[in-house]
Amino acid sequence: MQEGLSEIQNQAKDDLAKAESLDAVEQVRTRYLGRKGGIINEIIKAIPGLPPEQRSSTGKSANMLKQEISKWIEDARVKLADKEQTSEAKEMFDLSLPGEHKPYGHRHPITQTIDEIKGIFRKLCFDIEYGPEVEHEYYNFDALNIPADHPSREDFDTFYLGNKRLLRSQTSTVQIRVMEKKKPPIRMIAPGKVFRPDTVDARHASMFHQIEGLTVDEGVSFSDLKYVLTLFAQSYFGQDVKMRFRPSFFPFTEPSAEIDISCSICKGKGCSVCSHSGWVEVLGAGMVDPNVFETVGYDAEKYTGFAFGMGVERLTMLRYGIDNIRLFFENDLRFLSQF
Amino acid sequence: MKISYNWLKDYCKYDLSVATLAERLTNAGLVVDAVKPVDDDYCLEIEVTSNRPDCLGFIGIAREVANIVRSELLIPDVEYAASDESVNDITTVTVEDKELCPRYTARIIKDVKIGPSPEWLQKRITSIGLRPVNNIADITNYVLMESGQPLHAFDFDKLSGKEIIVRRAKNGETMEAIDGSKCALTEEMLVIADSQKPVAVAGIMGGRDTEVSDATKNILLESAFFDPRNVRRTSRKLCLSSDSSYRFERRADPECVDWASRRAAKMILEIAGGQVAEGVIDQNSLESKKVSVTLRMSRLNSLLGLDIDKDTVKDILERLQFKINSVTDDCFSVDVPSFRGDVYREVDLIEEVARVHGYDKIPVKSNIGVKLTQDNIFDKVTEKTKSVISGLGFDEVITDSIVGELQERHGNIWTDDRGIKIMNPIRQDEYLLRKALAHNLLRVKKHNQNYGVEKANIYELSKIYLPQEDDGMPEEKECLSILGEEGFLSLKGVVETILSQLNIVQKLESIHYDFGLFSPEKSAELKLGGSVLGYIGELSREVINDYDFRSKPCVAELDFNILVDKANLEGSYRKIPMFPMVTRDMAIVSDEEVIWADIKGCIESLKIDCIDGIEFFDVYRGRQIEKGKKSIAFRLIFRADDRTLRSDEVDALQEKILENLSNAFGVKLRA
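Quick note, the sequences are listed as chains A and B, same order.
Going by my numbering, the first sequence opens with residue 1, and the numbers climb by one from there.
Going by my numbering, the second sequence opens with residue 1, and the numbers climb by one from there.
Certain hints may be false.
To be verified - Pulled a few chain A residues facing chain B out of the computed Cβ check, cut under 7 Å:
1. 30
2. 123
3. 127
4. 159
5. 160
6. 163
What the hints assert, rightly or not - Some chain B residues well away from chain A (every beta-carbon gap over 10 Å; in silico):
7. 26
8. 83
9. 177
10. 408
11. 424
Simulated from the structure, these hints should not be mistaken for lab results.
Since the model is a prediction, treat every value here as computed from it, not as a measurement.
No residue lacks a Cβ here, since even glycine has one placed at the ideal position from N, Cα and C.
Using the sequences and the hints, build the whole thing.
Pasting the structure below:
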């Protein structure tokens, strides 16, 4: 009986090898495994008629064979199905079709610039500080050594809310708030919104963003200011950026400086972005005025420091060649999704 | 300030090309914005900072150039021969307001011949963009540009009463200025008047009636010092400005008043003829204050990070006309000239030295070492939140804090008080501080819809300003507002994802909340552990119509500080389960009033240890469900930590759950 089974096994293998269609495979299946008249089933049915000592082993072998042939048939089907599909199908999968897209959210370009600059100053060991946007006149002017008759206090330069309240016109306010709270050493930047009643045009908005910086310690000098701001400019604008420190005037720093970088558009040759000067102004800075230290109760003989400020919109416009500041606050998604 | 390259050479000799001159001036703090060729000359446009009014004249600029090139400063001669007649016999000057006019001088020049200026003078004033008028006007302009001291010439015979009264204007007085503008004067303004009427707005512009004309014979020449603040205010109020007001606003040099008057008188004599009456009327209430400052070399070098020597410092200061009184080992004692009102402390002198020596000579080096920066939890939560929202496909917007009435119209999110008013807005219709972000997101949505962008999934993280009593400082609330186009539950899912990514484990409750912005059904207050996190809803029909939206956006506005407070960025790790879960899907039929939170809460209240999750599938109403009822489908996930659960155990638990739900809400298993 055992020999008979192995013969059937070989025969089934041959038959399957010759079956070249799914129909042919089905015929093979019926011949061997069919419920009525299938060869294996017939054998199993015949088992009760066998001598008792053969029944068990034959049953086992027959079942094993049944499983084996089932598996071969399944394999043959899969193989043929694949083959038939490829030979019959007229459709072709177009590999050049575009991928399917999930919506991708963008951060506002101003946020991206602020984040990048925060990152640079974090590397330089600066803390990040914030201050209120609605301020008392004291923090926006008095404490910053801005005299009572200074033009920036007039109502065409600052938004007033009554009761000595105003919308801060500069992030320098945060300098004072931090120095009131903490003792030196201080090393911080303060990003945030500022407001000025400028007539809105391509270069002016009534709301924009600044980043203020402050370092106070014993022995801080103008050299340190140049060093830190040079590292910043190299990091933000690239290693080969050229810098120019020019004397300027701010009420809360003395000496004061404005800092130009070589124009990245024309590489210093002169273009409309740099008004044909080859230089673009990017930062205001200076050594903290002793009057400011006095106001916050620091010993101006013992401590010195430097402060700086920059306009975020301006830096972003320079970086991407954006020519209209209004784009930032219109929030047209066709604009925002480019960043 | 416009400077002629050739004219400047009158006051100091230099041999610099115009480009080099421009560069050197810029590096000394006088930024040359533009250089324009004019015939055989150049016009340099110099940006003078507000602390340096002394550089609003050729002589001031020449002082800087003389320092740069180390040459002599050449000051013109102002000596002239006066007539026998004394000015005091011809006219009088009364200064009624000495505060607004601390100094007023008048000279009289008789029998002048009005006519065009000589060619050289015309050429000079043309070179800096001025228009020649007649010899007298050209001379006063010339001296103004030369010295920075504004002057005015009146036709003396047209002054009623032949006198000058410096007084505040009377309310309702008017005057026609030389440029034709009609000035409506008020009592805050200072005027120069004759016995009857104002003849000039002090420091700003003369009147047309008393202007020098071809018929003029006798001149009263005014040179004065006016209060800077008052000139500025009057100029703004009248929308009238001039080369004179520009200088007075920035503070002219009180000690230059008489020099400039003499200089002009001398030039008039030379060019227009006539006789200058003897003497000057000088109403001077200014006390001359000597300002002395001590400069320590040690301080200078340590503040700048330089190693500059004493001789260089001495040379720089002297060339800037600081008078050195005494020198010790470390110190200079210095007298400050009157035209340098900006210098009164040591640090001001340090700046002068740094500026002239050159910022470029200060080394780029540092002694400040490394330090550990402080953790900023606000920044961390912001970063995490933004990355989650971006990941969900929302674009960040930044909108203006100053808004219009719209925010008051469509229901208040955080407060019923009116927004804080700006006293001096630039746009008539936008004068309030926003007290919610949502309305601004709607405007952004509208803008985008107008430009054909139909879907705007956007968010903003910014401050709003909630008014406080008695005009106190507002509460500045950091808010996160999200506008979503995919329906209420999708937006709620965004909020839930943010909470879960911030590891906030407290339960989020949505409580029905009725207000104008949102539709009556889909509008909720979101609560987190008892505090109000914010609001979420689908826009009401009214708002959608108002904005003409073609979609039905939903908005959520959250108090971001609550997220910052409750976020747990440290996180912790939960072991991956060892034993498999068993799931059971259930659909129950309930009354409409029964809400998911009740069902979930009921199951949770059973405190069955091995329930690992209760996941909502959907709500179905329709043919197979009795009218007025709904079918709620959900999945129960069972798992034990220590063994594989048996099917019969789970069956029993499921039975228990159903029984409890049935007792509590009368629900039935869906057939």
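Query raised in the report: Hints broken by the structure, by number, lowest first?
Result: 1, 2, 7, 11
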